[in-house]
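*Asks:* Spelled out, the chains give:
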Amino acid sequence: MGFASKSPWVIHYDASSCNGCDIEVLAALCPGYDVERFGIINTGNPKHADIFLVTGSVNEQNIRVVQEIYNQMLEPKVVVACGCCACTGGVFHDSYNVLGGVDQAIPVDVYAPGCAVRPEAIIDAVVEGLAVLEQKSEALQQQRKGA
Amino acid sequence: MDNAIVTSLVSVVIGTVFFAILAPIVGCLLDGIDRKVSARMQGRVGPNILQPYWDVRKLLLKERASVNTTEGTYVNAALFFALVAGGIFFSGGNFLLVVFVITLSSLFFIVAAYSTRSPYAEIGASRETLQVMSYEPMVLLTSVAMFMIAGTFNVSGLFTMSSPLICGGWAVFAGLLFVLTIKLRKSPFDISSSHHAHQEIVKGITTEMSGPTLAKVEIMHWCENVLFLGWVGMFFVYGGLPSVLLGVLVAVVVYFFEIWIDNNFARVKWQAMLKWAWIVAIVAGGLNIAVLAFF
Ligand code: SF4
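Sequence order for the protein chains is C and B.
My numbering puts the first residue of the first sequence at 1, with every later residue one more than the last.
My numbering puts the first residue of the second sequence at 1001, with every later residue one more than the last.
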């Protein structure tokens, strides 16, 4: 395993979640689940983050915010959609201003379903995301050597 | 050139090289222990002891990006002067010079944040400036007290004393412990950049620093921590090796105490930090120096 997957720092953005999924994301950081065991830190800064956790669906208002955060993150980066809303739009999918899942705005690497998504599912999704992060990191190194 | 100047220059260069190699290793382990102990205090398992090392290796692998061309240079300068300050201190050089050089390092760090023109980084930078303003009087009074007790600013001069600095300067030592919380960036005085995302405005002074630049900032903090713990240990050093061991032991105890404080206090406003740091400096530092001067 390379270093990219040993210290995944996450940034969490609440797109238009009902706050159910947000509470679960924060629960994963609490003593019961303690994701810092895996080196996971919750940063508030896209420039420091490796993994982007998005909860809730994307709508007309926040699509630009989601894209902005994604663009500010540096490669290698991974996006995890947390909860049914973030995956597909969930119960709000036919709301008048909802565009759908996060993949309508930015490329998503891992989908974690659930309403609300359980902390175990979030941890599973992030671990899944680490493999993707590792691949992207490899690719970046290769590209650098080639250049 | 004068022979003495050449000798001291050479010893500073050698000291800096050794410090640049050893301090990051020690500082990294200290940071790892800090995170582990903090996690245990919060009832968590916590990360591996080597986690800070992995973090920095990861940051070095990240894409290189910077908001301007000068930020990296300022951060390099900050790291360089932190290493030189450590080199001067641990090679037994002039304590006053150490204080000035490490402050210069802080100033470069502040300028690096200001140069990015980001509102979040600027808030962090102005708070860092307030931190420097808060701790600097106490640190300068410490060097004055050191001169009055030991008769020299040279750290190597301490080894020829018959009793350690703590004997005549325990009040200054207490004052230094107070500002140490600011210098180690521990809560309640982690004003410019907190380790805890939930109580931070984006990421304070390091908001715009990313990837390899942030890695250098981390390494600089490790070196600073080692240097500041060296200042703590300095108060117990005299004569031979046992006193050095005592100094190291006290530094370890103080570090543990700082972690405990970090985990038990919420961040205060900068006004409170500035006020209390100056009150402590004037009372502890001022009284101690007055006693030394008149009795
Ligand atoms: S998936 Fe369920 S819990 Fe999560 S934001 Fe949507 S409605 Fe709320």
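There could be a bad hint or two in this list.
[As the list claims (entries may be wrong)] Here chain C is said to cover these stretches of chain B; the calculated rule only asks that three of the stretch's residues, wherever they fall, bring their Cβ under 8 Å from a Cβ of chain C:
#1 1031-1044
#2 1062-1075
#3 1143-1155
#4 1239-1247
Don't read these hints as lab results, they were simulated from the structure.
Ideal Cβ positions, reconstructed from N, Cα and C, are used throughout, including at glycine.
*Asks:* Now look at each hint and say whether the structure bears it out.
*Replies:* Structure-based check of all given hints:
no.	hint	verdict
1	1031-1044	holds (count 5)
2	1062-1075	holds (count 3)
3	1143-1155	violated (count 0)
4	1239-1247	violated (count 0)
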